[in-house]
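Spelled out, the chains give:
2 protein chains.
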Amino acid sequence: MFESYWRKMGDKCTMVIAGYESLSYFADAKNLCWFLEPKLEEAVKRLHLTVGNAVVGDHHVVVGTGSSQLIQAALYALSPSDEPEPVSVVSAAPYYSSYPEVTDFLRSGLYKWAGDAHTFDADGPYIELVTSPNNPDGVMREAVVVNRPGQGKLVHDLAYYWPQYTSISRAVDFDVMLFTASKCTGHAGSRIGWALVRDKDVARKMTKFIEINTIGVSKESQLRAAKILGAISDSCLPFGPSKYDNFFEYSKTLMAERWDKLRAVVKRSNIFSLPKYPNQYCLFAGDSSEAHPAFAWMKCNDRIEDCDKFLREHKIVTRSGRRFGTDPKHVRISMVSRDEEFNLFLQRLSTIQWSG
Amino acid sequence: MFESYWRKMGDKCTMVIAGYESLSYFADAKNLCWFLEPKLEEAVKRLHLTVGNAVVGDHHVVVGTGSSQLIQAALYALSPSDEPEPVSVVSAAPYYSSYPEVTDFLRSGLYKWAGDAHTFDADGPYIELVTSPNNPDGVMREAVVVNRPGQGKLVHDLAYYWPQYTSISRAVDFDVMLFTASKCTGHAGSRIGWALVRDKDVARKMTKFIEINTIGVSKESQLRAAKILGAISDSCLPFGPSKYDNFFEYSKTLMAERWDKLRAVVKRSNIFSLPKYPNQYCLFAGDSSEAHPAFAWMKCNDRIEDCDKFLREHKIVTRSGRRFGTDPKHVRISMVSRDEEFNLFLQRLSTIQWSG
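From first to last, the protein sequence lines stand for chains C and P.
Start counting the first sequence at 20; every next residue gets the next number (the numbering used here).
Start counting the second sequence at 20; every next residue gets the next number (the numbering used here).
The set of hints was computed from the structure by calculation and includes no laboratory data.
Glycine residues also receive a C-beta, built at the ideal position from the N, C-alpha and C atoms.
It is possible that part of the hints are untrue.
[Claimed, not checked] Take a look, some chain P residues computed to stay more than 10 Å from chain C by CB distance:
hint, residue
1, D279
2, R282
3, N320
[Said to hold, decoys possible] Taking lysine-lysine pairs in the DSSO-like style, the calculated list, with each CA pair at most 27 Å apart, reads:
hint, chain 1, residue 1, chain 2, residue 2
4, C, K227, P, K328
5, P, K227, C, K224
6, P, K280, P, K246
7, C, K49, P, K328
8, P, K131, C, K224
Please model the complete structure; the sequences and the hints are all you need to start from.
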């Protein structure tokens, strides 16, 4: 949905790469993450400093083929290697629907999916995945398992902690923080994610995972992401020669417009409801607003058992609450689809309520 | 080492990509491999038809983040899902040193490394990885486990089955065939590999693995690889406007020069020896020559126990035969390093023998 912004940028974000460039596996043999392009590392750090959403000073940057690969790298790095049983991996429901599959698809002996963090009470080591703002419901999250000293490790998935989706209330400073270009800039096809990792050994083991899994990360994607992230930082300069709109203001306006439209349609309905988000001050924007999450977590009323099934009958494809470890009265709807798709969805949704 | 070729190509292989292009996860939602760029699929098929090294007619193309990811995708796809015990994965020694680690690093319950295929005699299902030409020793290989009907699955790793390394004696036609841009063109930094897969369900399951693991493969890398592979096919046209050298002739000449130099140094030595490769007719080149593998599999004489250790004392870094499941009298040496590195290696190697 941010394509219009990138079209307006014209040549400023065009990447040119000659046939003889970036042939090697290595980007910087001296770096702990030896396949990380120095330009990307620089662009990542500059963007976090510009937005103020995460500390970068003492953390190591590890690049991944999207944040999916980094989640697996983090599980690998944080699993105790001396335990006979796999470590439990939990996340508070509703949780990102891919977590169970990503954790269990290879039946690893290192880690296993153990479900909703709210109800987790087994002894022994565990890893809690904390998504904040949360996918699917957009809520700011903290770890929920009562931390048993030395037993729990946390991975913070911060894919949506950017000003177009939510207010930036502080620069977060966790042990393992995951970000991805696809949610920040819209460049999902590039498959570029990055982790900010406090502990050197954890960063080294995550790097090792990516080395074994894919021997590094596409150089072309890294260099392009560096250019795109750099352009975003440039667009945020308060003074200076930039003739381009501030990317986050632009994309936040788009998100707010979509949420306004959806809330208007839902308000006229006697079937659906949406979460309410508090007004919160954003340090980056310098004003207060409510969140505009990348997904709408919509609930239907008591007369409908299975909201996903009900909507499919009206030609609206969503993802059922069941997939997120919760009830089928909820569905997740993308708020970052292309204009045509979003408008068609709104049109179909409004038809339902007039007949409802 | 093929960088000089790509420099000569100038602008012909330059990729330009605008900021608003390739934003989506999808490349072609109708394709079984939905993240495969149609241009890359076309370029892959055209190159195999041009070189004549593999059939492409009925096979499905699955793109991966290098062939490492495709090996894991193949293990995932070929593991029986209804077995309580992990399937045995074997390869004939000397085998590619990464196979054991790639198979076992997550302690998967689906598959486990079972060592040298020559000595494998357990009952039950197995997967044999057949590397041909073989890494590390450059020999053309066939499966060695006596096939028990319905129990064994084969994965052919054909990374080095290109005319600069070995004679193309036929278009191979196996169930699962893996290739990678890094060995064919030298673009290791792009992390682009592809599988040619006969069975639709296997191709679908490999695609599923890549979906869970990394949600597809870098679009930038795919588009650049399409351009590079296309330029190679163009360079092979016997007539027409191409003013560029045939890529495979050019790179074969480079490989042959390096092998001649190494053989000359080794011949003067009373310490080392190299494998001999038979003269074989190449359908692509239209003449006979011996192989020029990407690695030299060098052996030291009986007075030296550990060849890798011995060479390290002379500032030559190799990979010990132990890593490939065989004896420490062998080492693997890269024949595709950069010119400076290769020349330094030759220089140091020749110093040893004069003093030896």
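The hints, checked one at a time:
1. Every Cβ of chain C is farther than 10 Å from the Cβ of D279 of chain P; the closest lies at roughly 24 Å, confirming the non-interface assignment.
2. With a minimum CB-CB distance of about 26 Å to chain C, R282 of chain P clears the 10 Å threshold, and the non-interface call stands.
3. Non-interface call for N320 of chain P relative to chain C: holds, since the shortest CB-CB distance, roughly 33 Å, exceeds 10 Å.
4. This hinted pair checks out: K227 of chain C and K328 of chain P have alpha carbons roughly 25 Å apart, not beyond 27 Å.
5. Simply put, K227 of chain P and K224 of chain C have alpha-carbon atoms about 25 Å apart, close enough for the 27 Å limit, and the pair holds.
6. Only pairs whose Cα atoms come within 27 Å are accepted, and K280 of chain P paired with K246 of chain P is rejected, the gap being roughly 33 Å.
7. Proximity of K49 of chain C to K328 of chain P is assessed by CA-CA distance (about 24 Å); at most 27 Å being required, the pair is judged to hold.
8. Distance restraint check for K131 of chain P and K224 of chain C: the Cα-Cα separation of roughly 21 Å lies within the 27 Å cut-off, and the hinted pair is therefore satisfied.
Violated hint for the displayed structure: number 6, the only one.
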